[in-house]
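K.L.:
Following the hints, position chain C against chain V.
Number of protein chains: 2
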Amino acid sequence: MSTDPLVVFTPSGKRGHFPKGTPVLTAARQLGVDLDSVCGGRGICSKCQITPSYGEFSKHGVTVQDDALSEWNSVEQRYDDKRGLKPGRRLGCQATIQGDVVIDVPAESQVHKQVVRKAASARVIEMAPATKLYFVEVQEPDMHEPTGDLERLITALTEQWDLDAPTADLRVLSKLQIALRKGNWQVTVALHQDHNSAVPKIIDVWSGLHEAGIYGLAIDLGSTTVAAHLTDLATGEVVASSGIMNPQIRFGEDLMSRVSYAMMNKGGDQEMTRAVRDAINALTTEIAQEAEIDANLIVETVFVCNPVMHHLLLGIDPVELGQAPFALATSKSVSLTARDLDLDAMNGSAQIYVLPCIAGHVGADAAAVALSEEPGKSKDLVLVVDVGTNAEILLGNTERVLACSSPTGPAFEGAQISSGQRAAPGAIERIEINPETKEPRFRVIGSDLWSDDEGFAEATATTGITGICGSGIIEAVAELRLAGLMDDSGLIGSHEATGTPRCVPEGRTHAYVVYDGSAEGGPRITVTQGDIRAIQLAKSALYAGARLLMDEMNVDKVDRVVLAGAFGAHISSKHAMVLGMIPDVPLDKVQSAGNAAGTGARIALCNIDARREIEKTVGEITKVETAIEPKFQDHFVAANAIPHKTDPFPELNKIVTLPHVSFNTGGGDGGGEGGRRRRRRG
Amino acid sequence: MSTDPLVVFTPSGKRGHFPKGTPVLTAARQLGVDLDSVCGGRGICSKCQITPSYGEFSKHGVTVQDDALSEWNSVEQRYDDKRGLKPGRRLGCQATIQGDVVIDVPAESQVHKQVVRKAASARVIEMAPATKLYFVEVQEPDMHEPTGDLERLITALTEQWDLDAPTADLRVLSKLQIALRKGNWQVTVALHQDHNSAVPKIIDVWSGLHEAGIYGLAIDLGSTTVAAHLTDLATGEVVASSGIMNPQIRFGEDLMSRVSYAMMNKGGDQEMTRAVRDAINALTTEIAQEAEIDANLIVETVFVCNPVMHHLLLGIDPVELGQAPFALATSKSVSLTARDLDLDAMNGSAQIYVLPCIAGHVGADAAAVALSEEPGKSKDLVLVVDVGTNAEILLGNTERVLACSSPTGPAFEGAQISSGQRAAPGAIERIEINPETKEPRFRVIGSDLWSDDEGFAEATATTGITGICGSGIIEAVAELRLAGLMDDSGLIGSHEATGTPRCVPEGRTHAYVVYDGSAEGGPRITVTQGDIRAIQLAKSALYAGARLLMDEMNVDKVDRVVLAGAFGAHISSKHAMVLGMIPDVPLDKVQSAGNAAGTGARIALCNIDARREIEKTVGEITKVETAIEPKFQDHFVAANAIPHKTDPFPELNKIVTLPHVSFNTGGGDGGGEGGRRRRRRG
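The listed protein sequences derive, respectively, from chains V and C.
Everything in the first sequence is counted per our numbering, starting at 1 for the first residue and increasing by one.
Everything in the second sequence is counted per our numbering, starting at 1001 for the first residue and increasing by one.
Here chain V stands alone, though its shape is the one from the complex (with noise of 0.2 Å):
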């Protein structure tokens, strides 16, 4: 047995035998204890602090003297001094190993810290980000060994943390040597290493320890909404989200007429390119000036977008999404740098990620919600809806996942609807009908009350009623139904069929009046018979493509189902089935999962194995192609009715509210819907 004395790592329990006058760090490290260090045991990064138990006798299994570590050291105590130390913390390098000891190393210490998202499955995201820093000390030029400044910092990187020789962005070689001496031939690089490359490549360099940390976008580029999110990648946090309008808008509200501009205009897809790169660089600096940090310490963004969107971002032209057979120019990931695609409010030598695609009409924003809903680790059959301008709609268990995208249209979003608008203060986003006395009571986004509640008039004084948002119209439509204001096909009745003055003419139909404040000056929301049909439209179409994919699995229910998207957070399940959008299942089954594609590109920007996953997962996926499945167009029609049925869940007479769940790191809300973020817009 040895003589040396044992160490024992908690929480990992990893333990060994190490010399009297091992560093901590050092024996952290040759036993594989998750303990970081981003200046390599020189004392001045903090990185490696660490909770020695003295005195805690017999704690696993060893009897731990006062004197188990060296005595705290002048390096400990100008750090103290200079930062603070919490109680009790010693520095992993400094303190030395003397006897048995119980060593524990705080979350913060771990380099692969894990990130919990406030979601309904406890899912962690496992920090394993692929860009790091490395503190090093270079060897100073010397005119008899004529090595270049970055043949020295590669040997430096080499040497004293055992990695494989990388290469260096150019731009790194402009800033390299003021570092080196500004520095006093001490840097911290950022050091990228792609799961895909043997080679590690410096993608910026600061002189001395570089405290002001890296930081990551995950982005989800939607055909509607850009929403990006800001993570610190050494902790996982969400430093800030913010999201702003497509600004492709403007050439077409959905892909398909996107594709036509391009095909109808030459030039167009560059002109859409250069608007989508303009408005990401827009977004970075906000972002950036939004969490008060310098835009070029953003060295990653992961992009996760439909086809059509991907294609727009990397510079193709999109034509060939807009026929059969729908052939992508690349599926698979694509590995970039911020550079390629003009990003240049971020960092230029940025390493850009792009999710790989699962068909043409399945994007990597569906493989970002595979990634983050992991239907093919589900036991049950689960059916996971992405609801957007595209809904991406996988349903499978361990066995089988299939994937499709169904053209749902902006409707859902609150576009093209009379009264619609983006979920923002003021939108209404809740609405209950009295099948009764056919009156409507709303709240609005901003305040918790409802509108016949004591105090909504001074509530919502400021924000004032303006409209009505995605999940109002869905709710205001399925109420029309429960109420019996409309009929299967969807008819609005008549103020003489329904018996309420609210039932107003409108051109050869009819339209309910929710709110009238034009006496007011205010707006007069009314929800019309086109603003009926074009939900309808979208409903069906969510439904169908839903409906094919059960076919291909030849099933006819699903276990669960997991509403996500943008604003699928918000959705009201009941009113979701009253409507007609999703397959009845138990409401107990269904769940929201927030933002699932913003999800899935957070979980790929914060760990690398996440990346190799999604690559593969995407490749055992079966992709169903609506648009030229015959029995889409028969689920489509079949959808279109809204059947009478009396309230599906009569002992759930108050709505519903699903919590809204969205990942969090502790931090600010990191995936909510478009309306509970600060809007960065205008």
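No lab work stands behind these hints, which were simulated from the structure alone.
Wrong hints could be hidden among the right ones.
Said to hold, decoys possible - Ranges between beta-carbon positions, derived for each pair: (1) C/Ser-1012 with V/Lys-377: 54 to 64 Å; (2) C/Pro-1019 with V/Glu-126: 51 to 61 Å; (3) C/Lys-1020 with V/Ser-260: 37 to 47 Å; (4) V/Glu-271 with C/Arg-1274: 44 to 54 Å.
Here the structure is a predicted model, which is why all the values come from computation and not from measurement.
Even glycine gets a Cβ: it sits at the ideal position worked out from N, Cα and C.
P.N.:
This is chain C only, laid out in the frame that chain V set:
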């Protein structure tokens, strides 16, 4: 013994037995015979032409029957009808083996064509370019197998050409879909295999069989001039050569004044970077126009340059190169794409290769000279002097190679000389001064006549007599010394002292009038005392550098001297030695190597193994730093004088004109002096 037919290939002599019906191309590939093919045996590229030897009995021990190959087929007939095949030629992919046969592979059908340089040494460049063309047939897309077009192209390349799976440049993605469809799923790709990377890269794609070829630029980026050779990457032929002035001259004539400019002016380095990149873009456009090719066909560019130009090209502030220890930002070779350097006149995905630097003062140009002149393979002790604004000096043999750089300034190139000019028609390039009469006679570029020959006036009527170029001023100074018109210290004597009215007062000193055309409104061309001083400084620097290397090597003399540089080929060796530019050696031991740095660039452009070689060689060269070596100053001062000696080569009382040696590939002059090649500027 095999009963299968025996096939012998010439000139390789490779032989083997193959079953009847084997295509000749297949047999060649199996034997490793160097037989080209771009279309992969589809009978459309004609690169695999062969000449079978019918009826030549007992050649190479093979008795050949007339029916040794299959009959001329319809594919060959179609090709012959459309483009014509030379008599006796067959297509190797169509003709199949039917009996014993001897098959000759003509030079133009070999992949590794040899490019003969018309140089003193019979060295040839073997073609092994990094970028080659491959023709493939790609699987059409299938909705039920939703792979991207790129993925199917990669599959085709790996299956049809047995290549490792390549990546693709982003630009390729935007062209690929159109190219595939236009070419009916047949495309030609340009594939680049970097010698330091395991993964090949698709850098361009064309529909169908691309017959316009691909090209490379070998660029010698000098302080004063930028010279480029446009080279066919399939044949190695130089199809155009062109040069322009380096526009950085306006920031400083020599390197150190440019480094000072960068130090003294904020953003000055970036200003110079833009200037030189703009110049390269202009040169690229011009050279492509001259060769009548699409500049997008330029898919590779190799740069050689001194360290300051190297840094300014790459966008690195050269300030560190202006002070000890002269640390390079990077000393290794640099591989990039054209886009990275804003070189947008050529193909945006063109691959850039910058040769490695030897040290802070000894750059990639010196490395290129080493690659071209191979001092390390010489049994003799050879001194290689590349004369430019900076002289790169190499001294070595198989034992050891030393290198240094010496700041000669631009005087040797006709700059800073009162009547100096670039080597161009009208410039005086040769001078003799009669030691008796003290009268000069001269020759100008553009005419072979001496000024005292009959018809000289007529022959030079169009060009006029405009100034003195670099080789002219060297001869003028040496002849002044030989004619006794100038003393050891370089002082020109007065009219009285010399007895010739051509020695005229010029301020406090004297000048020698070479030509006076002022009566006819032409120039008065003199050699002034200031000119002598400039040449003295330049030659002292050059000589001192050579001496320093000889000291380091511990030798007093060298076996041979190679004069290189843009105008190295045009310096009279005799006058160079009279002047004391180079150590004395027998006159037949002085060779001209033309633009050796440019040749090195061409070698690296045409042969990927040469890149590996020079990267290794550079590490083995011992570098001597002139700037800090006290002995350099001693040698410099000592070399200032022009000792009175009689003509060292009295038997050569006529000027010995060395052959204007330059390498060539059978086309135009590929590497001559600036004045001889067509001037592109203005």
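K.L.:
State for each hint whether it applies.
P.N.:
Now for the hints, and whether the structure bears them out:
no.: 1; hint: C/Ser-1012 with V/Lys-377: 54 to 64 Å; in the structure: holds (59 Å)
no.: 2; hint: C/Pro-1019 with V/Glu-126: 51 to 61 Å; in the structure: holds (58 Å)
no.: 3; hint: C/Lys-1020 with V/Ser-260: 37 to 47 Å; in the structure: violated (58 Å)
no.: 4; hint: V/Glu-271 with C/Arg-1274: 44 to 54 Å; in the structure: violated (28 Å)
Hint violations for this structure: numbers 3, 4, all remaining hints satisfied.
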